[in-house]
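Here's the letter readout for the chains.
Number of protein chains: 2
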Amino acid sequence: MEILRGNAVVGQSGGPTAAINATLAGVIRGALQAKGEGFINTLYGMRNGVEGFLREDLIDLTEIFSDAGKLKTLTTTPAAALGSCRRKLKDYETDAETYARLLEIFKKYDIRYFFYIGGNDSMDTVMKLSKYAANHDYEMRVVGVPKTIDNDLVATDHTPGFGSAAKFVATTMKEVLRDVSVYKMKAVTIVEIMGRDAGWLTASAGLVKLSGGIAPDLVYLPEVAFDPEEFLASVNKTFEDHPAVLVAVSEGIRLADGKYIGEGKGATDAFGHKSLSGAAKVLEELVKERIGCKVRSMELSLTQRCAGHILSKTDIDESLAVGAGAVSAATSGRTGVMMTIDRVPGESYSSTVGCADISTIANEVRGVPREYINAEGNGITEAGLAYLAPLVMGEVDVEYENGLPKHIVL
Amino acid sequence: MEILRGNAVVGQSGGPTAAINATLAGVIRGALQAKGEGFINTLYGMRNGVEGFLREDLIDLTEIFSDAGKLKTLTTTPAAALGSCRRKLKDYETDAETYARLLEIFKKYDIRYFFYIGGNDSMDTVMKLSKYAANHDYEMRVVGVPKTIDNDLVATDHTPGFGSAAKFVATTMKEVLRDVSVYKMKAVTIVEIMGRDAGWLTASAGLVKLSGGIAPDLVYLPEVAFDPEEFLASVNKTFEDHPAVLVAVSEGIRLADGKYIGEGKGATDAFGHKSLSGAAKVLEELVKERIGCKVRSMELSLTQRCAGHILSKTDIDESLAVGAGAVSAATSGRTGVMMTIDRVPGESYSSTVGCADISTIANEVRGVPREYINAEGNGITEAGLAYLAPLVMGEVDVEYENGLPKHIVL
Numbered sequence: 017m018e019i020l021r022g023n024a025v026v027g028q029s030g031g032p033t034a035a036i037n038a039t040l041a042g043v044i045r046g047a048l049q050a051k052g053e054g055f056i057n058t059l060y061g062m063r064n065g066v067e068g069f070l071r072e073d074l075i076d077l078t079e080i081f082s083d084a085g086k087l088k089t090l091t092t093t094p095a096a097a098l099g100s101c102r103r104k105l106k107d108y109e110t111d112a113e114t115y116a117r118l119l120e121i122f123k124k125y126d127i128r129y130f131f132y133i134g135g136n137d138s139m140d141t142v143m144k145l146s147k148y149a150a151n152h153d154y155e156m157r158v159v160g161v162p163k164t165i166d167n168d169l170v171a172t173d174h175t176p177g178f179g180s181a182a183k184f185v186a187t188t189m190k191e192v193l194r195d196v197s198v199y200k201m202k203a204v205t206i207v208e209i210m211g212r213d214a215g216w217l218t219a220s221a222g223l224v225k226l227s228g229g230i231a232p233d234l235v236y237l238p239e240v241a242f243d244p245e246e247f248l249a250s251v252n253k254t255f256e257d258h259p260a261v262l263v264a265v266s267e268g269i270r271l272a273d274g275k276y277i278g279e280g281k282g283a284t285d286a287f288g289h290k291s292l293s294g295a296a297k298v299l300e301e302l303v304k305e306r307i308g309c310k311v312r313s314m315e316l317s318l319t320q321r322c323a324g325h326i327l328s329k330t331d332i333d334e335s336l337a338v339g340a341g342a343v344s345a346a347t348s349g350r351t352g353v354m355m356t357i358d359r360v361p362g363e364s365y366s367s368t369v370g371c372a373d374i375s376t377i378a379n380e381v382r383g384v385p386r387e388y389i390n391a392e393g394n395g396i397t398e399a400g401l402a403y404l405a406p407l408v409m410g411e412v413d414v415e416y417e418n419g420l421p422k423h424i425v426l
Numbered sequence: 017m018e019i020l021r022g023n024a025v026v027g028q029s030g031g032p033t034a035a036i037n038a039t040l041a042g043v044i045r046g047a048l049q050a051k052g053e054g055f056i057n058t059l060y061g062m063r064n065g066v067e068g069f070l071r072e073d074l075i076d077l078t079e080i081f082s083d084a085g086k087l088k089t090l091t092t093t094p095a096a097a098l099g100s101c102r103r104k105l106k107d108y109e110t111d112a113e114t115y116a117r118l119l120e121i122f123k124k125y126d127i128r129y130f131f132y133i134g135g136n137d138s139m140d141t142v143m144k145l146s147k148y149a150a151n152h153d154y155e156m157r158v159v160g161v162p163k164t165i166d167n168d169l170v171a172t173d174h175t176p177g178f179g180s181a182a183k184f185v186a187t188t189m190k191e192v193l194r195d196v197s198v199y200k201m202k203a204v205t206i207v208e209i210m211g212r213d214a215g216w217l218t219a220s221a222g223l224v225k226l227s228g229g230i231a232p233d234l235v236y237l238p239e240v241a242f243d244p245e246e247f248l249a250s251v252n253k254t255f256e257d258h259p260a261v262l263v264a265v266s267e268g269i270r271l272a273d274g275k276y277i278g279e280g281k282g283a284t285d286a287f288g289h290k291s292l293s294g295a296a297k298v299l300e301e302l303v304k305e306r307i308g309c310k311v312r313s314m315e316l317s318l319t320q321r322c323a324g325h326i327l328s329k330t331d332i333d334e335s336l337a338v339g340a341g342a343v344s345a346a347t348s349g350r351t352g353v354m355m356t357i358d359r360v361p362g363e364s365y366s367s368t369v370g371c372a373d374i375s376t377i378a379n380e381v382r383g384v385p386r387e388y389i390n391a392e393g394n395g396i397t398e399a400g401l402a403y404l405a406p407l408v409m410g411e412v413d414v415e416y417e418n419g420l421p422k423h424i425v426l
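So the sequence lines, in the order shown, correspond to chains A and B. Residues 17 to 426 (the working numbering) make up the first sequence, in order. Residues 17 to 426 (the working numbering) make up the second sequence, in order.
No lab work stands behind these hints, which were simulated from the structure alone. Note that the structure is predicted; figures quoted are calculated from it, not measured. Some hints here could point you the wrong way.
Copies of one chain are not kept apart here, so a pair can be met inside one copy or by any two copies together.
With a straight-line cut-off of 30 Å between C-alpha atoms, the simulated DSSO-like cross-links for lysine-lysine are [as the list claims (entries may be wrong)]:
| no. | residue 1 | residue 2 |
| --- | --- | --- |
| 1 | Lys304 | Lys275 |
| 2 | Lys310 | Lys123 |
| 3 | Lys310 | Lys106 |
| 4 | Lys297 | Lys275 |
| 5 | Lys422 | Lys275 |
Just chain A, with the same shape it has in the complex (with noise of 0.2 Å):
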């Protein structure tokens, strides 16, 4: 195979997790060790995604990264540190100027190597981005690499970041638990947890069962349509059990009709998303007007996707093994495709990196599937539970400053 030799960039895109960067120093690793091997001369970090990168906002990150303490620093630090955008490339068809900036930067600093780093939607931009470079006669190697809480995209047996986030959800569950069971008074706590269309963050919660706790009673997923009376005659049902009754709740649970639980409090985003929010208030006023006990909501917000202080060791391995990897497979010829975490079947644990085209991926949303959610649809089934453990398995050493995690600023 023929070298391919030149300068590669890196972006960051999409909402934060407390394991993006794990893999942008997997990335710098990579990058590192192919630039000793003669791939790679210099790798650059784009700010802000390819929003940066059209503004040439670029800084050198195998000038930055010689020190190997400060890559261990970067692995710790939650949220892209090289900061995001929400941009998602219009199809060349539409935006053909944008394309032909993007090449001009392109050759200007010789980028023969594009790595991003994200969610569905950065894949959206890896897949344009490969065409558009192959259809130019312009060779460059472009390679997503993913990570999300969400947990959704297709493809990989699950997506870096999603265990540390699925760590500290069930982490705080747990804790939330200890709480709302000193009182002997009958009280509803309902916890409400991200995932727009994806339940697989609040499913998680569910993994407090596996380590002795009662809770949480109840879980509630995008996936099933949810049933306000169903729901109210669970929680009567748990009274006779115990006091207090503990329930996770998808942010986007929906009614049989489609319609948001949260949807009053909705916008939208630049994606046309809905930002919801409130769909464990709206429960909570539910369960004042009708059962009439004690009840409180809460939103585990930004923390569940930025705790960088609580990471799963399994999460933050896979991370870091997916940015080299992704160095590797663009350096052995691959592009337009996507790193996956490919589980290895057998009775414990282990993965592999693998890759899948991205034209499989973009734009698909890959759910809790049935048989891991209960008859019910109010819990997680063994099966669930079995393939959600081992991803949460594990602690880092995060490094302390002044009493606080330390982190690295770009």
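Chain B: place on chain A using the hints.
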């Protein structure tokens, strides 16, 4: 000094903290030592505070915790392992019957040492019980052990449980700062932190500045009247520096006329405290209307008082020490006292355990002194940060089981 021999009982009361079980572990450790010294035979735990004691709902802690491993797990289990209650003893004059019943149980179980771990309302119980015992010729030593994330008890430099909550709050603020800084777009994020009358926990958000963080940009405490116009002007002024503005507010911030910002949502608890929520939400609406930029509010809610997975070593060490110290104080003849943490003056931080007459403590609230708050009333001074910084120092190794923190359930 004459040795008072008999049994002991310990209870927990008030809202949970992440360190209240470390204090319980300290009392157990102290009781096991006092057993060897001939003072205490059995240490009972009362379930759900005095409420459970009145039902004789007691467990033998001396027996359960003969296993040192269990004591270690208890130390890092959040929220009251014995359960809690919100019952405040009435005055003897108005409820002699309850006191007679208490005395009957004291005699039945030969209770000579009574330890009560809690906040302000619990210290009121300690005061009443110690007076009652003294006035009714029943020799019993009654010692209060403070705990509250609010840090609002007088006579002690700070309260057990505060340091760990402060570490969680400051860590979360630092992580949220990373999260909100990834976009270039103007946006305001308002984080609501617990604190009805005292802003200590919200002030701890300011610690992010000590480790290189630019935020929080604005910090509002209940100790200073909140001025909406100053707030809007300060947000606009901060936009001149950077696009992501991060604001920390206490749930209890009030207007100059004393009206709570979040008053509309208040309900009253058993002590006549208003259960507040919504200060951040109200400010979110204000920013939306008057500035019109992207704005988000979030409440740290229960997580800030039960996040046992991130503990301040200073806090946990001191929580254990005041627990053990309570037993020594009682066996040395002290009664009607609350244990205190006394800061030793000097360059580097150290503390000793002391005790103070309960009548000077109960029902007093210690707010953040004005010199810890800047002149504008929207930030924490260097003196304030110097007071707070040592309290979040050090990390505690927490045991994990199936990827989640291990807890003990009694």
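Now for the hints, and whether the structure bears them out:
no., hint, in the structure
1, Lys304 x Lys275, "both (22 Å within a copy, 26 Å between copies)"
2, Lys310 x Lys123, "neither (64 Å within a copy, 36 Å between copies)"
3, Lys310 x Lys106, "between (50 Å within a copy, 24 Å between copies)"
4, Lys297 x Lys275, "both (16 Å within a copy, 24 Å between copies)"
5, Lys422 x Lys275, "neither (42 Å within a copy, 39 Å between copies)"
When the structure is compared with the earlier hints, violations turn up for hints 2 and 5 and for no others.
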